[in-house]
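> This is what each chain is made of:
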Amino acid sequence: MIIVKNLNKWYGSNQVLKDLNLKVDRGEIFGLLGPNGAGKTTLIKILTGQTEGQGYVRVGGIDPLKEPIKVREIAGIVPESESVPNYLTVEEYLYFIAELRNLEEKSVERALKKFSLVEYRKNVCRDLSKGTKQRLMITAAFIHKPKILFLDEPFINLDPLYQKSVREEILKYASEGNTVFMATHIIEMAKKMCTRVGIIKDGRIIAVLEDLKNLEEEFLREFENA
Amino acid sequence: MLKYYLIEEYRKHASIAKKYSLIVFPIYIIFFVAIGASFINDILLIFPYQQFILLTMLSTFIYGFGVSSFEFLGRVNERGTLVTLTFILPLKMKKSYFYLYLRDAIYYTLFFILPTMIGLILSIPFSTLNLLQILTFSLSLIISMFIGYSLGYFSFPIWYGNRKTYYLLITILLIYIILVIFSILPFPPAEFQIEKDPISLLFSFLPIILFLLLAYILTPREIRDVSKEKENSLKKYKRIFKDILLSKEMEDVIRGGIIVKSLFTYFLPMLLLFIFIKIINMSIGKEVYNPLSLSVMLSIFSAVIYSWLTIMEDFEYMQTLPLRASDVVLVHIKAYFIIITIISLPIIILLNLQTPSLLPFSMALFYLNSTYLLFLTAYIAGPKITSLLFNPGIILRFSLYSIVPGMILVIGTFEKSIYSITAVILTATFMLLVSYINFRRIKKKWIYF
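Those protein sequence lines, which keep their order, are chains A and B. FYI, the numbering for the first sequence is 1 to 226, going by the working numbering. FYI, the numbering for the second sequence is 1001 to 1449, going by the working numbering.
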C-alpha cells in the first residue's frame, strides 16, 4: 500500500529525511515512533502530497510527488495540530467536505452520530475545545471511508473514553482491509494497536519491529544503538 | 516583552522574504521621496500648498488607521503568535495588545516615516527645503500616522464588543473626513504644519492619548467572538453559487465581516481620492480627470480587498483535503470580483450619471485593470500576501507590471485623440494577454499551501 525508496527532503540547507526506505502492506496498522524533529510529520506530509520530496514514493499505487490531489482523494488525514475552519460550524464543515468529495448528504449525519458530534453540530469550529476539534478532524478524515488513513498524533488531546472509542474504530477500519499509518509518541498506544512499528531517528528509519511485546525496551535499545 | 513582539514580527517577515529584503522597501521610499521633493516647487505651482499638506496628512492618517485595523482585526487571528498565545503567558490581554500597538507603531515608523525623512533630507541640495522644515513636516506626518494607529487600536475592542457601535464609529469617521476636506473641521496635524501653531500641536496629541487610553481600558480579558449556535447557511450559499468552495468563501466573507472591514482600506481612501481629484480639477480649472480615469483609479484600490481574503483562514486543514493552493487562490479571485462589484459598481454608475454614454467604457476599464492587478498579485504572491511588501523581487515585479499600464490607461483617458485611443487599446490588449497568462500560471505555480 505504501512504498518509499531513497526519500530525501530538505528545508533550505537542513536535510530532514535521509534516504528513507519503507514498505507498508494493505490492512496493516503501521506505527511510526520517534522523538520530536525526527521527520514523522514531514514523512506524512510527503506521503499525502502536502509537500515535495525527492525519491520514489507510492501510496495505493499513486505517486504523491506527481499527483498530490489524487492521493488525498483516497486518503483520510488527521494533521498534527488541531486546525479547523474559522467561520464554519461543525455541520457545515462536514457538509463542505462531503460536497468536496462528492459524497451524499446522508454521510454528514452518519459521521456526526458515529463520532458523537451531534450536540456540537451548530457550534462554530474555532470555538470548540481542543479535544472536540481533534474529534472533528478524525471525523473529517473518516467521512469518505478512505482506503488509507494517515494519523499524526491522533490521541494527543482526547479524553480516555474517547481515545478508547477512536482506537476501536481504527481497529475495525483496519480489519476491513484498510491501511493505517500512524505517527505517535505514545508507545503504549502503538503497542496496543499496531501490527508493525517503524522507528525513525534523524530522518532515517532505523528499525522496523514486528514483535511488539517489549516495544518500549526495543525502542530504547534501537534508539541507543543507532 | 516588547522586544519579543518586535523579534516575532521581524522573524515573520524574514522567514518569508530574505533578511536583507527588509531594507529594500525603505530604500524605495527614500528614492521616490527624494526625487519628488526635488521637484516640490514645481508641484506646488499647480497644487496649492494647503491642499497638498491636507492631502498628505489625511492620507497618512487613513493609512495608519488602515494598517492598524488590518493588524488588529485581521492578523490577530494568525495561529501561534504572542498575541494569540497570551492566555498561556504570564501577561494580561490588555498589555499584550498594547505591545502589539507599540510594535506596529515602531515598525511602520521605521519603514515609512523614517525613510520619508531621509529622502527629504537627501533632497536638500536639489530643493528649497531646509532641515527645520523637514523636521516639522516629519513631526506632522508622525502625529497623523499615530492618530490613525491609535484609532485603529481603539476600534478593535469596539469591534469585538458591539458591532453597531463600530459601524457608528466608522460613519462618524467618514463624516469627519468629508468635513475636513471641505475645511469645515480642522485636522490638527495639518493645521500645525500650515500655521506652525503650538496649540494645534497640543490638539494633535490629544486624540492619540485619548484613543490609546480608551483602547487599553476597553480591551477585554479574553478575545473571543461571542459564540452562538448557527444554522447551516452553507447549503443556502451552495444553492446560490453552485460551487462549494465559493460558497464557503462567501460564508467566510459574511461571518468574518470582510465587507465592513474593507470599508476603511478601500472605500475611505477611494472617497478621499475622488474628493481631492475634484479639488485638483477645480484648482486647475479643467476637468482632466473624467469618469474613465476615475474608474481606472478605483480599480487600483480594489486590490486591497484580496489581502483581506487571504488572511481569513488557516490553511492547515485545507492541506488534508483534495485541494491545491491554486484552488483557494482562484476562489479568492471569484469572491473578490463579487465583492468589488457590490462595492464599486454603484460608484461607477454614480460617476457616470452625467455621462451615461461613458458607462460601458468606465466599467470595461474598471474590470480590465482590476482583473490585471488581481491576477498579477495572485500569481506573484499566492494565497498568503501579508509579507508582500518586504520581498524586493515581488515589489519590483509588481511595480513594473502594474504602474506602467495603469498610468497609460489613466493618462490615455484624459483626451480624445487617435493617439490616446490607440495607446489605451494596445495597453488593454497587453493587459488582457498578461492576465490570461497569469491565470494559467497560477494553476501551475501554486500547488502546495
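Note that these hints are calculated values from the structure, not bench results. There may be inaccurate statements among the hints.
Claimed, not checked - Computed cross-link-like contacts, DSSO-like style, restricted to lysine-lysine with a CA-CA straight-line distance of at most 30 Å:
hint, chain 1, residue 1, chain 2, residue 2
1, A, Lys113, A, Lys145
2, B, Lys1242, A, Lys113
3, A, Lys66, B, Lys1003
4, A, Lys122, A, Lys201
5, B, Lys1238, A, Lys122
6, B, Lys1443, A, Lys145
7, A, Lys66, B, Lys1444
8, A, Lys130, B, Lys1444
9, B, Lys1238, A, Lys114
10, B, Lys1235, A, Lys66
11, A, Lys106, B, Lys1228
12, A, Lys18, B, Lys1164
13, B, Lys1236, A, Lys66
14, A, Lys130, B, Lys1445
15, B, Lys1238, A, Lys106
16, B, Lys1235, A, Lys113
17, B, Lys1094, A, Lys70
18, A, Lys130, B, Lys1228
19, A, Lys122, B, Lys1235
20, B, Lys1445, A, Lys5
21, B, Lys1228, A, Lys70
22, B, Lys1443, A, Lys122
23, B, Lys1236, A, Lys145
24, A, Lys122, B, Lys1228
25, B, Lys1094, A, Lys133
26, A, Lys122, B, Lys1242
27, B, Lys1228, A, Lys113
28, A, Lys133, B, Lys1228
29, B, Lys1416, A, Lys70
30, A, Lys122, B, Lys1164
> Going back to the hint list, which numbers does this structure go against?
Of the numbered hints given earlier, those the structure breaks are 3, 4, 8, 10, 12, 13, 14, 17, 21, 22 and 29, listed in rising order.
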